[in-house]
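Each protein sequence line maps, in turn, to chains A and B. The numbering used here numbers the first residue of the first sequence as 1 and each following residue consecutively. The numbering used here numbers the first residue of the second sequence as 1 and each following residue consecutively.
Hints listed in this document are in silico derivations from the structure and should not be mistaken for laboratory results.
The list treats identical chains as one, so a pair stands whether inside a single copy or across any two.
Simulated crosslink set (SDA-like; lysine to any residue; CA at most 20 Å straight-line):
hint : residue 1 : residue 2
1    : Lys324    : Arg300
2    : Lys280    : Glu358
3    : Lys280    : Asp352
4    : Lys324    : Arg365
5    : Lys214    : Pro264
6    : Lys280    : Ala355
Protein chains: 2
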Amino acid sequence: MPPPGSQPSTPPNPPHHPHDESGVEWLRGEGAETDVVLSSRVRLARNLTSFPFANRASSEQRQEILDISRSAVRVAGIADRTLWLNIHETSPADRALLVERHIISKQLQRGRAATVGEDPRGVCVSLPVERVSIMVNEEDHLRLQVVRSGLALDEAWRQADGIDDALESAVDYAYSPRLGYLTACATNVGTGLRMSAMLHLPALKITGDIEKVKKAAGDMCLAVRGFYGEGSEAVGDLYQISNQTTLGKTEAMILADLHERIIPQVIEYERLARKTLLTKRSLALHDQVYRSLGLLTSARLIAAEEAMQHLSLVRLGICTGLVKHLSSKTVAGLMLLVQPAHLQRTVGRELDQDARREARATLLRERLSR
Amino acid sequence: MPPPGSQPSTPPNPPHHPHDESGVEWLRGEGAETDVVLSSRVRLARNLTSFPFANRASSEQRQEILDISRSAVRVAGIADRTLWLNIHETSPADRALLVERHIISKQLQRGRAATVGEDPRGVCVSLPVERVSIMVNEEDHLRLQVVRSGLALDEAWRQADGIDDALESAVDYAYSPRLGYLTACATNVGTGLRMSAMLHLPALKITGDIEKVKKAAGDMCLAVRGFYGEGSEAVGDLYQISNQTTLGKTEAMILADLHERIIPQVIEYERLARKTLLTKRSLALHDQVYRSLGLLTSARLIAAEEAMQHLSLVRLGICTGLVKHLSSKTVAGLMLLVQPAHLQRTVGRELDQDARREARATLLRERLSR
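If we strip away everything but chain A, and leave its shape as in the complex, we get:
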């Protein structure tokens, strides 16, 4: 075991980044309110004071930012063990894997559209549990993310705040006494903080009340997004609810709003909807859950989105006690493993779309059969 704060051995990018579900914090299924909340996430956007924002920086400047950040991360000691990845040097398959694990964003995966060749950018992630990650040269110079299984925005916030302080002692953040932290996009100026919870809301989807939740969230300036963030559909009935406002509210206010008021309320709505389905439409619920399970254990070809939808209903079956022989952790793990990059890493080779559909069906049958 390397000592605390040590860096990975050379070469910096090991050939295989972890690709099973074991190290994924948001799949651990532990903590509070895990019947509805998969995970809590805190993200801080920060920029270095003496460079242009990442999007307007030259490749040379981005390389400098990358070097400074890497050194700051080492000094800050964000976790006992970390893995540093230069995204511009990783394979497309590895990048896709990191996106599916929610370690990097699609934007970091893609890089700058206008750039010829690959632009310096990277990520540092804690191991063996991927709880902390820092993206460098995404929209902002630094994007610190802390994830916790279950509802634990407070803990995630405390850890992020601590790491942020440690980083700040190693680099100069761009900061305005009047505006707060300066960010590439105005929507992040101020605290640079985004807090979100990933919620599984299948019952609200079935009853149709999800639309009311979305509307209410919009009225409160919250964003409701899908499983893979901005613009993504809510596949598998997974919704990320997050604050939109970063200016004019303290971190404590944002935390209190989401952690103590809004998320608990959505959890209650979902639980009420589940209870209603269980008492008033028990057989129909039973039917939907078991049809989904039957389909997942029978299909020979299945697309990721269809698999996600049925896994969602099976998870609902587990949480409502209708399905007893499976764990919601197994099902959540499959929600990751059915994604294209993970699927290919699991079977150990590249597959075209048809072959993926076949391999996905095989994997699901194997893992879900008693």
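Starting from the structure of chain A, add chain B where the hints point.
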């Protein structure tokens, strides 16, 4: 055991007509070409000379026709054992049961729309295997039907012809030397003969070539109907192909046309389509078949039509060798047992629509699980 040709004991309508699948000739799954042909059917329309057609006869006249027919049937000795049912005295549940077994038509079940109360009408059916039946006071005074498992229009025709001769020796048929047998509807005048085969054509449905078959059949003045005759949808991919022309063609010509030329051709088309699916779309076929089986063994609520559609695909799986642990006879039997009247008789009580969907799903799970 009653002696040959004897009548059922008093009361004439036993409380429970057979309601399992064992006596149903068209579900036996024996004979020729049973991978595609469920059954062959020959029907003769006949009328008595000294009465108005059934639709214009008074209730008293219909009673007389019923009595004469019953006596003629007894004299003719159509089978070793027969059951006579006065349809106007049977319960709605029993009538529905007989329709589902293809022993009586919906028209005989319904009776004359204009009539207040129940109009005398009946059916005689051979037991224990329901191979021969004679409806009295349907559209025509007598409708003789002989059914055979598999492709056996020739055998069915020989038996029907023999019974027809025996009946003719007991009653006076309405017959014109110029037109042939006179019937209530002009489309049956002449031979009064309709021959049909019930075909299972799931592969032609999947490939879409079923439309070509329908068009070709239309061009040859053949009718293509669904599982429950005129106007019924082809649920479960079951199609009845029959001659439309009764005038100007001898019985031998109609038989040769259907039995030796047209039906064998459709069988070949279906087999070719199955082979194509098996070789060129093997995995997709496998997927469809096993999804259907998974659904049938998982659902907790299912409508008859949906069940039929999945049973059809499972039958295709059995015929193509993809499903080995089930017999096509089991599946064909379920195609009958999932129908509302049979379902209720099987569980032993009346059920509303929701309860039927539940009972149907339970029955399917029980019968299809290994």
